[in-house]
Amino acid sequence: MPVANKPMTKSTARDLFPGALEMMILQSLRRQPAHGYALVQHIQQRSNNLLQVEEGSLYPALQRLLKADLVKARWDVSSTNRRVRTYQITASGLRRLEQEISSFEQMFEGILLVLNPGKSTAT
Amino acid sequence: MNWLPDIFHRRKIYGDLAEEMRLHLEERTEQLMSEGMSRKEAEQTARRAFGNSTLLEERSRQVWQMPWVESLGSDLKLVFRRLRKSPGFAATVLLTLAIGIGANTAVFSVLNSVLFKPLSYPEAEQLVAVRLIAPGAAGLADFSNGLRLSPSMYFTFAEQNRTFQSLGVWIAGVANVTGLAQPHEVHTASITDGVLQTLSVPPLLGRWLLPAEQNPHGAKAVMLSYGYWQRRFGGDPSVIGRSIEVDSQPRQIVGVMPQGFRMVNADFDLLVPLGFDRNKQTLAGFGFQGMARLKPGVPIAQANADVTRMLPIWMDSWSNGPGFDSHFYEVWRITPALRPLKEEVIGSVGNVLWLVMGTIGVVMLIACTNVANLLLVRADARQQELAVRAALGAGRARIAWELLLESLCLGLLGGVLGVGIAYEGLRLLAAIGPANLPRLGEISLDVRSLGFTLGLSLFAGLLFGSIPALRYARARTTVALRGAGRTASVSRERQHSRDLLVVAQVAMALVLLVSAMLMIRTFQALRHVEPGFSQPEHVQTMRTSIPASLVADPQQVTRIQNSIADKLAAIPGVRSVGFASAAPMEGIESNWDEIYFKGKSMGDVTPLRLFKNVSPDYFRTTGTRLIAGRDLTWTEVYGLRPVAIISENLARESFGTPSAALGKQLREFEDMPWHEVIGVVEDVRENGVQDKAPAIVYWPSMMAGIYGPHTFDAARTVTFVLRSDRAGTEGLLNEMRQAVWSVNASLPLASVRTMQEIYSQSLARTSFTLVMLGIAGTMAFVLGIIGIYGVISYAVLQRTREIGIRLALGEQKGRLRWMFIRSALVLTGIGVAIGLAAAAGLMRLMKSLLFGVSPLDPFTYVSVLIVLAASAVLASYLPARRAAAVNPVEALRAE
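Chains as they are written, first to last, in my numbering: chain E, 1 to 123; chain D, 1 to 895.
Excised from the complex, chain E in its bound form (with noise of 0.2 angstroms):
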């Protein structure tokens, strides 16, 4: 799956992973609707900027999203006043979150054991 990526800074370009984006766009979704723009700004809000998401990029994955039917979209006038897209996550969303959510913190608790074999987590 090509998810766009951009250097974030020289030393620490780092490819996503095939799904991240869109897991974190549905984890946004989760919190309220929105529309692209907002999407991004959220998203670089909250990585603290560490995750500098090529704009764009958001759109091919909201239209995979939309065809799998894990968000919906609709013309609406935002709160600015501007007439934007909303999406916004379905039930089924919900469900592909929670699932992509426990897969993803299992690869991530496995790699870290991995990586720092001294430490054992707690269980």
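Derived by calculation from the structure, the hints in this document are not laboratory data. Ideal placement from N, C-alpha and C gives every residue a C-beta, glycine not left out. Treat the hints loosely; a few may be bogus.
[Claimed, not checked] Quick list of the computed label-pair ranges, beta carbon to beta carbon:
#	chain 1	residue 1	chain 2	residue 2	range
1	E	Met107	D	Ser497	52 to 62 angstroms
2	E	Leu115	D	Pro67	36 to 46 angstroms
3	E	Leu94	D	Arg396	44 to 54 angstroms
4	D	Trp68	E	Arg74	30 to 40 angstroms
5	D	Thr54	E	Ile101	27 to 37 angstroms
6	D	Arg84	E	Gln45	49 to 59 angstroms
Position chain D relative to chain E; hints supplied.
Relative to the frame of chain E, chain D by itself:
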């Protein structure tokens, strides 16, 4: 995923997407401007942060696309671009395929409509023809229809059966309708109760005939066919309740059957109740066709068993008269032979249709090999391009797919054109209307035919496409790259596959030519058969009928017929006139009975003989030679003198020589007076040229003792024959009409045609097969010759350099020409050998269609062989001459 709506929604999705992305950029820009940037700067920064918007939009769109569809689309674009660039190639291939697929689709449609589709009655699979066979009744073997049902059988079967929902009998006939403008003759189907119930087709107007109307003493009713209703009453719905005179019997019209309703295989104008008088029925009278509707789920075998059970009941319940042993019929071994009604309708045409389908299929194969050859040549030309692409990393599957896709497109395009050709072909067929093709009106291009076309097109595409695809996807790149250069002439391998195709073509063409030739020989043999009449083109026939309701007295009937004959004979140019109960080959229901010769033991079983009633001069008019004795006279007819004429074969069979039969006496049954043989006439091929001439007894047109002592009757429905050079002309027909009406204005004229037409119709099956095979054979032959020509021409082209070298080294031109002709002859020879073996095997299947010629007829094989070999030499001579004309200097300097 439901992809179909996707395609329609995509436009909206793409629009939303573009709009959304534009708004995003706008929002970002405004945000940046509010932070103090200039508009230009803000726009640039926003765009930079957004990324490559074109690429991202493309990628977003891709989410909604099916990758294979998109790539197929671009591949197709390429294919069509390439085809447009070589219009000559495309046109040749498409035309070949269109003709091939069109012919196959047309023949398949006929096959599908005639053989596969169920009959157009509700739940037609339950319908059966109730047929009997009687292997013990000698003479019956001449009937193709087995033993028909008698009225008493109808009563027994209809009342006692356990396996039928309904059962009825019917018979096709003709009747005179009067009281509506001119008197005219109509085709009738006389039906008993049970027939309409069996066919289950509701009337369009009014109602069915009622059981009460089947009572000979009850109310008189009639139903109309849709066609007759339209023709005679202009489709007027108020026709119900009106009265028409059918054979001078007033009958009330009670209903109209819907369009397309046929009585099994007969078109009719009127449905008339049969009205058997139950009290007058005997065992005999086997003249009616039976039909029944099986109870749901009952197999035919069970119904056969049921009929077998009822036969003894029938023999116990009825008699042929006092003192008659009703179990006499046991020696006939009457056995039920029910079959689906559909088989009754289709008859024997299935064989012919399958044969035609097979030959047309072979033509298709030949067309495919020709196309494959063209594609090979074309792929050859692209050899270098393909090799370069392969060297640059194009997968073999990818290249093969591209070649195959081109062939599939050609196949499908050919199929589309083919459907057009098939449609026109079927219209032509319907217009010609071959008389021996049943269910002609039902033939159409339906979904199944179109499915067949699609399948055939794809199959053809795969067939001729897979050969180049396999060859070139496999080709080793190094060889191809080098081989296409100056060093090599032509790869042996490549020429090899084209040679194989030519061999296959020649073999198939030979098989088709042999089959066409055998049909020509059959036709010739049939033409040489003595039919038992002469110069049929000068014999005019015409049928008329004098019903008992019009003229009761048989003497009077004979007088009327005699005066008609005299009036007809008085027409200028008419040399002689006679009449008979039926003319030869007319297809009129024959009369059969046991014939006894006085003082001659007939053994256990008396053979059934065909009998006819004839007038004086009948034989002279048809040109049937008198072998011994003399013709009838009018005095003998009026005097009810017991005389008869018999056919030569009957005379020889019974008495050794024709003259020995003169003076011998014969009769049908005990109460009938003995009739003396006064003449013996030449055998007549009564049932068509292909069938053996039956033994025939000719009674006078009016005779005594038909229904017992002191009774006499005349043949009331007769065919008049006139010998005249004016036969078939409109003028003669008018004068005939006037002659008949000057005697009695209520008499209709029917079946006005020349003997030649009747004769040709009996050859119809053979001529239909002949024409179809002739067309197929010619197509195969032409395609095969083009194939040989193409391969040799191409070989010459490919070997120009080699030819140049040979010539430069002093090769004789004649030897060079011979080299190419020889290679063509070798290919032809191998093809012929394979074809001969195949033909010898396959022609056995055609045996039932052949007449007077062996499936291994040497003349046929030798002539086809010579024609093929000569054509092969000619087809290769032209390119060979070109080879010999090559200028060595130019050939070597080329490239």
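Of the numbered hints stated earlier in the document, which are not met by this structure?
none
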